[in-house]
Amino acid sequence: MRISRRAFGSLIAASALVHARSAEAAEAAQNQSNAEVEARIHWVFTKYGSRLNDEQRADVRRIITSGQPAIDAMRAFPLGNEVGPPVPFRVYSGKRRRPPAKLEAK
Amino acid sequence: MIAEEVLYLTVGELADRIRTKKLSPVELTEAYLRRGETVGARLNAYATLTRERAMAEAKKAEGEINAGSYRGPLHGIPYAAKDLLAAKGYPTTWGARPYAGQTFDYDANVITRLTNAGAILLGKAAMIELAGGMGYRFGTASISGGAKNPWNETCWTCGSSSGSGAIVAAGLAAFAIGTETWGSIVCPSAYCGVSGLRPTFGRVGRGGAMALSYSMDKIGPLARSAADCAIVLEEISGHDSNDTGSLQDNEAYFRYAKPQHPLRIGVLTNAWKDVNAEIAKITNDAIAVLRSAGASVSDAALPEGPWEAAAGVVISVEGASAFDTLIESGRVSELTDPLGKIGGYINQTVPGSDYERALRIRTVIQHRIDDLFTKFDVLAAASLPIAATPMSTNLETDLSFADPLGGIGNFCGLPALSVPSGFTSKNLPVGIQFVGRALDDDAVVAAAELFQSKTNWHRRHPQL
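Each protein sequence line maps, in turn, to chains W and C.
Numbering follows the working numbering, with no gaps: position 85 of the first sequence is 116.
Numbering follows the working numbering, with no gaps: position 401 of the second sequence is 460.
These are calculated hints, taken from the structure and not from any lab test.
Quantities reported herein were computed from a predicted structural model and do not represent experimental measurements.
It cannot be assumed that every hint is accurate.
[Unchecked claim] Across the chosen pairs, the derived CB separations fall in these ranges:
1. C:336 - W:111: 17 to 27 Å
2. W:55 - C:484: 47 to 57 Å
3. W:88 - C:513: 48 to 58 Å
4. W:92 - C:415: 24 to 34 Å
[As the list claims (entries may be wrong)] If you want the ones that stay clear, here's a sample from chain C, every Cβ over 12 Å from chain W, calculated:
5. 61
6. 63
7. 80
8. 110
9. 124
10. 126
11. 164
12. 356
13. 384
14. 451
15. 486
[What the hints assert, rightly or not] Partial chain W-side listing against chain C, Cβ under 10 Å, derived:
16. 64
17. 66
18. 67
19. 103
20. 105
21. 117
22. 122
23. 125
All C-beta atoms, glycine included, are put in the ideal place defined by N, C-alpha and C.
Work out the full structure, taking the sequences as your base and the hints as a guide.
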């Protein structure tokens, strides 16, 4: 696996962290994940429960539960503070003129 | 009377005949419309036929061409547009019952550009409701019913550009416009045996198009060849001031320039976990064709990481926001699919911190995948590990597999082109996809063109 220049430092730090993690910590993380799943299910039932029949409630539970490991994996991915999203906020001003097109439309 | 084989000609071939006045756009349009009313209705391929507009545009094109004013290769060429693109005065349902009566008083940017090129809008292609934005369990998830695969009408076309795939495969239009957030051009192209191009994100303006995922939706053509896809992309690309994701003109405009060096093709060893044996052989044969045609071919591997999970979070959250009014209103219950009725509620539970994290992970994979393209012009793999499945297939339980190439490609906005690479023993089409570096749409067209210059799979069509 190639490691990008920006993420290299973060990966080293995270690797050390992973090795240091104890079995107890892993179990605690799992418990936390399970609690989060229940909280998310509860949120749906609280807000939209009156619209859901038993089958739909079961589907909501199943889908949120089965989707949580992917979210956990995403959260475990090492990211340094310096890694920002690819689309930064851009200021807008109606006064600003659009840059001239380099190619003419047909 | 126009022979059926004419309806299966490529855009390039039709354009030659129209330009030299050997083929009448009016007669061609009428022939496609009649076929749309019969074969198209049987396949659930169209949501709406725009007959009046089509005939008016055809007469206008024929008059201009007869008067010596030829606009270019799409002048007089009939096409279909996915029903999430606004067409002035006609229903634009987004494939979903809550929007059944929706109309707009303007055309989508893509339709405007095609109109300016002289193309003729035959109708709105059927689609999966909300482009699958709330999730779906069955291929029937559409206000117009499931689009049937022209190669086997008990099978699905794949989605969400389900009608666009059926229309091109069944000779109901010369090309069709589809959209892809994740798989919705590549998959129908593979299932239906047509050529489909997912352009670089931001190259084709989305003004007037339904939004599902603001940072992942792309618009592109499905056609009979890679060359046709390039012709269409040349016309629909360019900056769109009504699309905040649109590239500026200097990067958005596509003018096909064939690379002058032999293509460097990386054959992915980890695109699919399990590939059907027939499809694996067909794909290996296709790679051999490319190698013997002069391409430099070697193995490549996608970087490992939670890219699919992150892409899924982005689509879920952006979709939940794009359709928040529908979700809050409870009218998601009017959607056809059992999963669509509840998917929005579930997507609203994803925390904002996860969304932002997913975007930051996107930055990492953008750099890693770009590194891979310093060695290769395109990455190649089977478009899908299976051929078309029965309409009744439960997609959630029976058609759920990892798709890291689709995940990375769409998350990073990379161009891809799927072309037919063979047929299974059950006479179902198989596709090979080429994925390129961001903005290097030329490379994916070149790879697909090279393959099609040595094969005839794209010339096959179903007997209907």
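Verdict for residue 92 of chain W, residue 415 of chain C (Cβ pair) under range 24 to 34 Å: Between residue 92 of chain W and residue 415 of chain C, where Cβ atoms are some 27 Å apart, the hint holds.
At a threshold of 10 Å, is the proposed contact between residue 67 of chain W and chain C supported by beta-carbon distances? holds, 9 Å
For residue 164 of chain C, is the shortest beta carbon distance to chain W beyond 12 Å? Non-interface label stands for residue 164 of chain C: nearest chain W Cβ at 23 Å, farther than 12 Å.
Separation of residue 486 of chain C from chain W, once the least beta-carbon distance is taken, above 12 Å: holds, 35 Å
Against the range 17 to 27 Å, how does the distance between the Cβ atoms of residue 336 of chain C and residue 111 of chain W compare: consistent or not? violated, 43 Å
Given a hint of 48 to 58 Å, does the C-beta separation of residue 88 of chain W and residue 513 of chain C actually sit inside it? holds, 55 Å
Would the least Cβ to Cβ distance between residue 126 of chain C and chain W come out above 12 Å? holds, 19 Å
No chain W beta carbon within 12 Å of residue 61 of chain C's: holds, 29 Å
Does the closest beta carbon of chain C sit nearer than 10 Å to the beta carbon of residue 122 of chain W? Result: violated, 13 Å to nearest chain C Cβ.
Was residue 124 of chain C rightly flagged as not at the interface, with every chain W Cβ beyond 12 Å? holds, 17 Å
Beyond 12 Å from each Cβ of chain W, as asserted for residue 451 of chain C: Since the minimum Cβ distance to chain W is about 19 Å, residue 451 of chain C lies beyond 12 Å and the statement holds.
Residue 103 of chain W as chain C interface residue, shortest Cβ-Cβ below 10 Å: Since the shortest Cβ distance to chain C is 9 Å, the answer is holds.
Of the numbered hints stated above, those contradicted by the structure are hints 1, 16, 17, 22 and 23, listed in ascending order.
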